[in-house]
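Following the hints, position chain B against chain A.
So the protein lines, in turn, are chains A and B.
According to the numbering used here, the first sequence holds residues 1 to 106 in order.
According to the numbering used here, the second sequence holds residues 1001 to 1113 in order.
Take these hints with a grain of salt, some might be off.
Unchecked claim - Mimicking EDC-like on lysine to aspartate or glutamate, the simulated pairs with C-alpha atoms at most 16 Å apart in a straight line are:
#1 K9/A x D1038/B
#2 K9/A x E1042/B
#3 K73/A x E8/A
#4 K1031/B x E1101/B
Said to hold, decoys possible - Some chain B residues well away from chain A (every beta-carbon gap over 10 Å; in silico):
#5 T1007
#6 S1064
#7 T1065
#8 S1067
#9 T1077
#10 H1085
What the hints assert, rightly or not - Every beta carbon over 12 Å from chain A, so not counted as near; a handful from chain B, in silico:
#11 V1052
#12 N1053
#13 R1068
#14 R1070
#15 H1073
#16 P1075
#17 L1078
#18 R1082
#19 P1083
#20 T1086
#21 A1092
#22 L1113
Worth flagging that the hints you see were computed from the coordinates, not collected in a lab.
Just so you know, even glycine gets a beta-carbon here, dropped at the ideal spot from N, CA and C.
Here is what each chain is made of, one letter per residue.
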Amino acid sequence: AQRVTQPEKLLSVFKGAPVELKCNYSYSGSPELFWYVQYSRQRLQLLLRHISRESIKGFTADLNKGETSFHLKKPFAQEEDSAMYYCALSGSRLTFGEGTQLTVNP
Amino acid sequence: EADIYQTPRYLVIGTGKKITLECSQTMGHDKMYWYQQDPGMELHLIHYSYGVNSTEKGDLSSESTVSRIRTEHFPLTLESARPSHTSQYLCASSEGGDDNEQFFGPGTRLTVL
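For reference, chain A alone in the conformation it holds in the complex (with noise of 0.2 Å):
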């Protein structure tokens, strides 16, 4: 079965601070992840995925396979990343995490 985990249901942080939102999968096959974000009063869009390998508004996610991570991070927050965001596994189906509510404090 294949599981995505998002521990931190809430994170606040402050602008200029550095951000980590984590997600741990669990999954036999080679996996293909995800991460969606979705803004206040907008849909649930594709924030980046891992093959693209790109940074996207500055965050960027790696796959660790060895630790089945695949954290989204960025350097440096600032308060229009406030959002909810869903890490997501695609096996037989995409499967999406809790989701972690991401708050950025001027």
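Just chain B now, with coordinates in the frame of chain A:
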């Protein structure tokens, strides 16, 4: 413009009513999905479809049913709504394999009194 639409956006109804939540997409996607987003904001897949006349139940047991008679249309029906059905329902679509991006609609917030 390619998009995914959900109607109604908000619905408040009484217990026992039959309701249908509409979802349409003009993305040209074969795959469509229904998710339930609970108050704690967790997302649970309740139904999905890989094409016309194909529907499957998702990971979360649901009393709702779906149909896929046309590629662009994937309605969800509750025969007899109950307060436990109160939730946010999100429709999504994607092309190709499950590792492709899913595009989400704006959601329907359902409240059953």
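Consistency of the hints with the structure:
no.: 1; hint: K9/A x D1038/B; verdict: holds (14 Å)
no.: 2; hint: K9/A x E1042/B; verdict: holds (10 Å)
no.: 3; hint: K73/A x E8/A; verdict: holds (14 Å)
no.: 4; hint: K1031/B x E1101/B; verdict: holds (11 Å)
no.: 5; hint: T1007; verdict: holds (15 Å)
no.: 6; hint: S1064; verdict: holds (18 Å)
no.: 7; hint: T1065; verdict: holds (19 Å)
no.: 8; hint: S1067; verdict: holds (20 Å)
no.: 9; hint: T1077; verdict: holds (22 Å)
no.: 10; hint: H1085; verdict: holds (20 Å)
no.: 11; hint: V1052; verdict: holds (19 Å)
no.: 12; hint: N1053; verdict: holds (19 Å)
no.: 13; hint: R1068; verdict: holds (16 Å)
no.: 14; hint: R1070; verdict: holds (23 Å)
no.: 15; hint: H1073; verdict: holds (19 Å)
no.: 16; hint: P1075; verdict: holds (19 Å)
no.: 17; hint: L1078; verdict: holds (22 Å)
no.: 18; hint: R1082; verdict: holds (24 Å)
no.: 19; hint: P1083; verdict: holds (23 Å)
no.: 20; hint: T1086; verdict: holds (19 Å)
no.: 21; hint: A1092; verdict: violated (8 Å)
no.: 22; hint: L1113; verdict: holds (24 Å)
When the structure is compared with the earlier hints, a violation turns up for hint 21 alone.
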